[in-house]
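Student: One letter stands for each residue in the lines below.
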Amino acid sequence: MIHVRLRIPLSEFELSVSLDLERPVTALFGPSGVGKTTFLEAMAGLRRPLEGEIRIDDDVVYSSDRGTSLAPEKRRFGLVPQDALLFPHLDVRANLLYGFRDGGALTLSSVSEALEIGHLLERRPSRLSGGERQRVALGRALLSQPRLLLLDEPVASLDVDLKDRVLPYVKRVRELHQIPALVVSHDVADVLTLADEVVVLDRGSVSDRGRPRTVLTRPAIHGAFFKRRFENLLESRVMAHEPEEGLTRVETERGLPLSIPYREAPIGERVLLGLLAEDVLLSKEAPVGLSARNVFGGTIRAIEEQGGVAMVEVDARDSIYVRLSHGAVRSLDLHVALPVHLIVKTHSIHRLS
Amino acid sequence: MTPDLLWLVGFTVKVALAGVLLTLPFGILLGLWLARTRWPGRSVVETVATLPLVLPPTVVGLVLLEIFGRNRPLGRFLYERFDLSIAFTWRAVVLASAVVAFPLLVRTVRAAFEGVDPRLPALARTLGRGPLHVFFTVTFPLAARGILAGAILAFSRALGEFGATIMVAGNIPGETQTMSLAIFQLVSIGRDPEAYRLAVVSVVVAFIAIWLSERLVRRSRAPLPEAS
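Protein chains in written order, with this note's numbering: chain A, 1 to 353; chain B, 354 to 581.
Hints listed in this document are in silico derivations from the structure and should not be mistaken for laboratory results. Certain hints may be false.
Stated by the list, open to error - Rough simulated footprint, nothing fancy, chain B against chain A, three-plus residues with beta-carbon under 8 Å:
| no. | stretch |
| --- | --- |
| 1 | 87-94 |
| 2 | 140-152 |
| 3 | 243-249 |
Fair warning: this is a prediction, and the values are worked out from it, not measured in the lab. Ideal placement from N, C-alpha and C gives every residue a C-beta, glycine not left out.
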């Protein structure tokens with residue numbers, strides 16, 4: 001078991017995190033700027049915390065009380081930074097083997113096979129795509145036979161192509177090698193796909209924790225994401241396919257029917273859908289002649305405003321949050337209990353799992 | 354004049370090269386230290402290290418003479434103990450080149466080390482490698498191109514050294530006379546055509562040195578078209 005308790009001073013507040021990593025993959029979830037990267041650096045021994053303790057089983061890695069702080073090379077925490085940070089002067093093979101420790105189950109060939117990077121071994125990092133870099137960085141960390149993997153926003157780089165997404169590889173590696181991992185992320189999809197447990201950070205301290213599906217669908221975390229990309233999460237079931245229309249029809253648990261882009265899936269399968277609050281249009285009148293396939297009615301349940309941004313909660317069987325500007329709320333004269341129509345393009349709805 | 358000319362060119366290149374090789378270890382260490390340290394006194398050290406660049410070379414020569422002259426403590430010690438003469442020998446020429454070239458080397462080396470993303474060596478540590486291993490496999494290779502450029506700059510400066518050399522090594526043909534000293538001597542005794550010939554030769558030598566270095570730097574850059 002891995003026990004972490006750290007206090008780290010940041011410019012605006014203090015990060016204070018206490019964790020017991022019991023599950024294989026724990027995600028530290030929170031918007032950008034809450035010090036997630038700083039926290040990982042402190043874990044890896046690259047930054048001195050104010051005080052705290054890190055223990056892995058009975059081995060004390062860091063303890064301010066005892067004055068113990070293992071050097072980064074002694075900790076054996078494999079760090080995968082957000083921007084991969086491959087060594088630019090080495091080719092992929094030399095990058096992978098940089099910290100190689102023999103004797104473990106992991107070899108160059110097994111890792112490059114699992115990560116599908118075998119054909120890249122002779123390349124320089126500058127000639128890799130974003131996703132390939134991430135995979136090499138993951139392989140490099142794995143080959144140092146770490147006791148714990150530290151993953152910083154594994155798919156946050158926006159240019160990472162979907163086919164390159166690193167998550168399936170992280171998942172595969174985790175299943176193959178049973179190395180515990182701590183993932184920091186602000187991306188709901190990352191956390192849902194990867195983590196067995198999520199710890200929510202808000203203003204430097206832990207505000208919530210538990211199973212990802214339970215925690216991330218709670219509106220309670222909403223406050224922390226006011227200004228950022230807030231995703232509506234909708235537990236749904238596949239109802240019907242209309243391949244010639246390019247649509248799959250689903251229904252949420254509370255009975256809201258939706259059309260999503262066509263995708264093969266057995267009827268009745270449960271899927272978790274994501275819908276960004278900023279991708280929902282709101283109209284006071286019933287719209288006509290629109291191309292969007294999802295138009296449904298609801299009533300405004302609440303309006304929260306902060307810094308020119310309004311989050312409008314609409315009760316449309318499910319609760320759907322709509323992100324609007326303050327100006328839009330005023331000019332439409334929106335208020336609680338007002339009946340409204342919501343408009344969502346099929347392609348704005350994506351499957352998270 | 355032909356064998357003399359060959360000798361002159363060879364001697365000049367050799368002492369400049371020796372001067373740079375002599376300063377290289379010190380220049381790299383000091384440049385690294387300056388790039389890393391947060392010590393408040395670092396600007397004083399930096400200023401002192403830069404002095405030979407801005408002082409009149411004759412002053413540098415005078416200082417060296419004060420230190421290494423046969424009648425000065427260190428110079429006498431070296432002579433009596435090791436039978437080693439510095440002043441007015443080829444060794445003084447090397448020493449003068451080294452001292453005037455040193456600031457250029459240190460400044461470029463410092464910039465080269467500062468140009469290495471500090472997160473790269475840090476990450477290398479997390480992969481289980483100690484600081485020394487990381488320095489030689491990550492930090493140094495990433496700074497190598499800049500260090501090479503600094504060494505070449507220092508070499509070019511040493512090639513044309515005049516003031517400090519004439520003070521501490523004199524202008525002894527066949528012993529301490531470099532090309533720039535020879536040109537001075539030829540003009541002062543009215544043998545201008547020969548001086549011009551030498552001037553052309555020194556242009557060619559300098560050209561070759563710079564051209565070679567540019568090629569070297571470019572080749573070491575070639576596999577690194579790093580965008581980020």
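Student: Decide, hint by hint, whether the structure agrees.
Tutor: Hint by hint, here is what the structure shows:
no.: 1; hint: 87-94; verdict: holds (count 3)
no.: 2; hint: 140-152; verdict: holds (count 3)
no.: 3; hint: 243-249; verdict: violated (count 0)
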